[in-house]
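Protein chains: 2
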Amino acid sequence: MTTNGFIQKLTEFKEYLKIMKSYEEAVGLIYWDMRTGAPKKGISTRSEVVGVLSGELFKMSVSEKMGEMLAYLTEQDHFSKLDRIEQRIVTESKKDYDRSKRIPPQKYQDYVVLTAQAESAWEDAKHQSDYAMFQPYLEKIVAANLEFIDLWGYEGHKYNTLLDMYEPGMTVAKLDQVFGALREKVVPLLAAIQASPHQPKTDFLKQTFDKEKQKKFSLYILKQMGYDFEAGRLDETVHPFATGLNPGDVRITTRYLLDDVNSALFGTIHEGGHALYEQNISKDLIGTPLCTGTSMGIHESQSRFWENMIGRSRPFWKRYYGDLQNNYSGQFDNVPVEDFYRATNEVKPSLIRIEADELTYNLHIMVRYEIEKELFSETIRVADLPEAWNEKYKDYLGVSPANNGEGVLQDVHWSGGAFGYFPSYALGNMYAAQMMRTIRKELPDFDGLIEGGNLLPIKDWLAEKVYRHGKALTPTEIITSVTGEELNPDYLVQYFNEKYGDIYKL
Amino acid sequence: MTTNGFIQKLTEFKEYLKIMKSYEEAVGLIYWDMRTGAPKKGISTRSEVVGVLSGELFKMSVSEKMGEMLAYLTEQDHFSKLDRIEQRIVTESKKDYDRSKRIPPQKYQDYVVLTAQAESAWEDAKHQSDYAMFQPYLEKIVAANLEFIDLWGYEGHKYNTLLDMYEPGMTVAKLDQVFGALREKVVPLLAAIQASPHQPKTDFLKQTFDKEKQKKFSLYILKQMGYDFEAGRLDETVHPFATGLNPGDVRITTRYLLDDVNSALFGTIHEGGHALYEQNISKDLIGTPLCTGTSMGIHESQSRFWENMIGRSRPFWKRYYGDLQNNYSGQFDNVPVEDFYRATNEVKPSLIRIEADELTYNLHIMVRYEIEKELFSETIRVADLPEAWNEKYKDYLGVSPANNGEGVLQDVHWSGGAFGYFPSYALGNMYAAQMMRTIRKELPDFDGLIEGGNLLPIKDWLAEKVYRHGKALTPTEIITSVTGEELNPDYLVQYFNEKYGDIYKL
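Just so you know, the protein sequences line up as chains E and C, in that order.
Residue 239 in full-length UniProt numbering is what sits at position 239 of the first sequence, and the numbering runs on without skipping anything.
Residue 1 in full-length UniProt numbering is what sits at position 1 of the second sequence, and the numbering runs on without skipping anything.
Only chain E is shown next, with the shape it has when bound in the complex (with noise of 0.2 Å):
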């Protein structure tokens, strides 16, 4: 084929995958206004508008015309001509197609009807603290699952092809040193931090907050950092979350307690953290499968990044606690700048892991990637679940729950299938730490910043060195180009030997 035949395909496949990422946008923006007020009779038929848009979006994914257009493409005489980030659009393309492709479309369909139902299924359990009633659907979906795996193949470990669906690249062996590393260090410093005398007051934070109180100062904090108002908005939802509809839309949600003072705040800086990702990617990905993060381990270093290093660091307090307290007018006279930041600092080992303070964050992590690791390598049955979470609650946490309730059925996840994300969450507490240390030596000055308020080198710095990119690079090329390094789970363990020595005065 000509050049003139390369340059036609090569057009073509872009405006497939934009038209693609047309019917994606258009499904985000019906999920973010379901759960942002859709008048709830309109929710019935809005969902089949959702499954058509979907089902549409399915059958061009897997469609004969995209094999076609792959295959001509990833010959290495055309392959080679591509630029690096059309190899990588390329490359990932090929990788969702062969994902989707090797699902044969009625063992797809089966799978989606069970996840749905499981969820529904899950709530009442979880409501009604009743494990066998959500254990039969458990138990289809891990079976799915390990025929998926066995569909699309694995290396090493079945539970490695489930984690590269969230962190691509990632494997059990790499889990098993970080995690390893990190519990080794966590556990006892965990052990001092409950054995110091030096526990923080904490009372304070639990007065009555008026809801637009917290609102206006959730949306000052935002623009401090850099989050663009022009570019999104804030709405409220049960559950908070941020979505990235296009770089120019990145819409994010929080939750006000009035009972609260922190609640509110910390859910909007972290999804203020997803959305400055999603705000600053640059635009000439827009349209194509790289226009999003790249991994969800990355994305959750850059929400734990500015929720926790940042926005509970004591710079941050000595600059915002005066703004604080002129917010709550009168309801923080009392109470000193320093004992208001070892207060959100506080580490309780709890049994909710969305309730968990930032170190033992990680270990209700662990709990859930050993349970899976295990379930994939069929060294557990899903019947043995309850008996092995409360174990290892136990275990890593020293605490065990009163029913299944608030121990095994506590997390959405494994009803919707999504064996494989849980690790993201501390993968990204790994990466935050290990990017600051570098921050650090970039911007020496980086305490200073923060507590002059002066967020904003910090957001261009994320900006330059990870949120442009997108998907352009992977996870392993973010860490390395930014840190030197592969993940290393020593920079978290020495930020957190600092950070709470310091503050239990251990």
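Don't take each hint at face value.
When chains are identical, the list treats them as one kind, so a pair holds in a single copy or across two.
[Said to hold, decoys possible] Here are the simulated lysine-lysine pairs, DSSO-like style, with alpha carbons at most 27 Å apart:
no. : residue 1 : residue 2
1   : Lys-18    : Lys-65
2   : Lys-465   : Lys-41
3   : Lys-9     : Lys-59
4   : Lys-40    : Lys-459
5   : Lys-394   : Lys-107
6   : Lys-201   : Lys-174
7   : Lys-40    : Lys-14
8   : Lys-216   : Lys-41
9   : Lys-18    : Lys-40
10  : Lys-174   : Lys-465
11  : Lys-206   : Lys-348
12  : Lys-216   : Lys-14
13  : Lys-94    : Lys-499
14  : Lys-283   : Lys-14
15  : Lys-174   : Lys-392
16  : Lys-59    : Lys-18
17  : Lys-59    : Lys-14
18  : Lys-215   : Lys-40
19  : Lys-41    : Lys-14
Rather than coming from a laboratory, the hints here were simulated on the basis of the structure.
Dock chain C against chain E, hints included.
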């Protein structure tokens, strides 16, 4: 083909239409979002999403498959086996198909581009009161429509083909008759009103009114009308509108003017009237092309019925004026209900259609109708529109615009090629008055219901007679089945004579 073959084809056809309706609903939601608060930096990418979905919808509407299905189902043998609703679906779909199919795709594309450019040119032209900036676009749009009319065919008058798009079955002959009869009575009535010494006081309408209070009162009245907030929501936009995404999700918007107590309120009631129509369409019609109002005129009859014949009636204010006084605590203490009622019905010839009162509004429409009719009988040139406009305003309303911005350039419609749309507004007034005449017979205590704040029986009556049918009945079938006769302008004339004879003591 066997009965099974017939049923299979019919099912396939219905599924196909349902998918088209899903695309429409997705596009509708995107437009709603764009107008209510989508971040501006995301709009250009979002517009491409709209392009993709609308393009797909158009492709489906003129596809070979659509052609085949319609050919099959319109065959006498098959058509006769359809039930009444199915026949309407096929007939409507065939009409749309033929209309779209007759325009060569390239011509249609060019026209879409032309009107997009024209709208933007119109905005500038209006802003600068410079007709010459808009004239070349309008010339092309009129020429394109004349060409389309030739392709579509016409009976009697070319303009009939355009009228039929908004008001199926409406003709120049009919409009000449009803508008003639109306104008003959309205013009002298207007003269008498202007000569009356009993002009209402209106100064108290112009105070400063708190936005939250306006919103609260608007929501209260919507609830009284029977607007279902589980199937809708009220938002704020520059230009108020109603959009029926599906009968379970019919959203309305309004605009709050801080110096005007009535603007947001009557705007909300107006859009609420449109919304009641869409919320009460029978669930059986969901997913079909009949799940919408039957015509622009009938739709407008409902917004105007609620806005003017209920909302601007004396019994309405006898019931709700106390609530309004409480809502704006103190601001209406010295204004008797009768003064408020008369003020909300002030008649005053003006230049701007959208600010016109109920009576003179129809004259604004007739100006536009006469001009459009002449454009498509080619008895006037686009270049001569400003002059014709100004003459007719002088003639019908006795006012003269100071410039083309408040004259011929005031409305957006022509820039989008929406010729034939304007008459709907006046038709709505006539339909509404005609229906009220019947309601008064069938619900003899009509005024008592309103004065008792008992609006739901009125809504239920309209739902039963009009709303539930959606587009399953034609506008003529609706007005005939509801009132026992075809469109008759006398009822609007009677209503005006009684109402304004009383208010202005004629």
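Tested hints:
Taking identical chains as interchangeable, the C-alpha atoms of Lys-18 and Lys-65 lie at most 27 Å apart whether they share a chain (15 Å) or sit on different chains (25 Å). Only between protomers do Lys-465 and Lys-41 lie at most 27 Å apart by alpha-carbon distance; the minimum there is 23 Å, versus 45 Å within a single protomer. Proximity of Lys-9 and Lys-59 under a CA criterion of 27 Å is satisfied in both settings, with 20 Å inside one chain copy and 23 Å between copies. Proximity of Lys-40 to Lys-459 under the C-alpha cut-off of 27 Å is restricted to the inter-copy arrangement: shortest distance 22 Å between copies versus 38 Å within a copy.
Proximity of Lys-394 and Lys-107 under a CA criterion of 27 Å is satisfied in neither setting, with 38 Å inside one chain copy and 72 Å between copies. In this assembly of identical chains, the alpha carbons of Lys-201 and Lys-174 never lie at most 27 Å apart, being 39 Å within a copy and 82 Å across copies at closest. Taking identical chains as interchangeable, the C-alpha atoms of Lys-40 and Lys-14 lie at most 27 Å apart only when they sit on different chains, with a minimum of 25 Å there against 37 Å within one chain. In this homomeric assembly, Lys-216 and Lys-41 come within 27 Å of each other (Cα to Cα) only across copies, at 23 Å, whereas the closest approach inside a single copy is 32 Å.
In this assembly of identical chains, the alpha carbons of Lys-18 and Lys-40 lie at most 27 Å apart only when taken from different copies (20 Å versus 32 Å within one copy). Only within a single protomer do Lys-174 and Lys-465 lie at most 27 Å apart by alpha-carbon distance; the minimum there is 24 Å, versus 69 Å between protomers. Taking the closest pair of Cα atoms, Lys-206 and Lys-348 come within 27 Å of each other only inside a single copy of the chain (16 Å); across copies the shortest separation is 60 Å, beyond that limit. When the C-alpha separation of Lys-216 and Lys-14 is checked against a cutoff of 27 Å, the pair qualifies neither within a copy, at 42 Å, nor between copies, at 50 Å.
Taking the shortest alpha-carbon separations for Lys-94 and Lys-499, neither the intra-copy value of 44 Å nor the inter-copy value of 72 Å comes in at or below 27 Å. Taking the closest pair of Cα atoms, Lys-283 and Lys-14 come within 27 Å of each other only inside a single copy of the chain (15 Å); across copies the shortest separation is 41 Å, beyond that limit. With identical chains, the CA atoms of Lys-174 and Lys-392 are at most 27 Å apart within one copy only, with a shortest distance of 21 Å there and 82 Å across copies. For the homomeric pair Lys-59 and Lys-18, the shortest alpha-carbon distances inside one copy (15 Å) and between copies (18 Å) are both at most 27 Å.
Within a single copy, Lys-59 and Lys-14 get their C-alpha atoms as close as 17 Å, and across copies as close as 20 Å, so both meet the 27 Å cut-off. For the identical chains of this complex, Lys-215 and Lys-40 are neighbours both inside a copy (25 Å) and across copies (22 Å), given an alpha-carbon limit of 27 Å. Taking the shortest Cα distances, Lys-41 and Lys-14 sit within 27 Å of each other only across copies (23 Å), while inside one copy they are farther apart (38 Å).
In this structure, the hints that do not hold are numbers 5, 6, 12, 13, in rising order.
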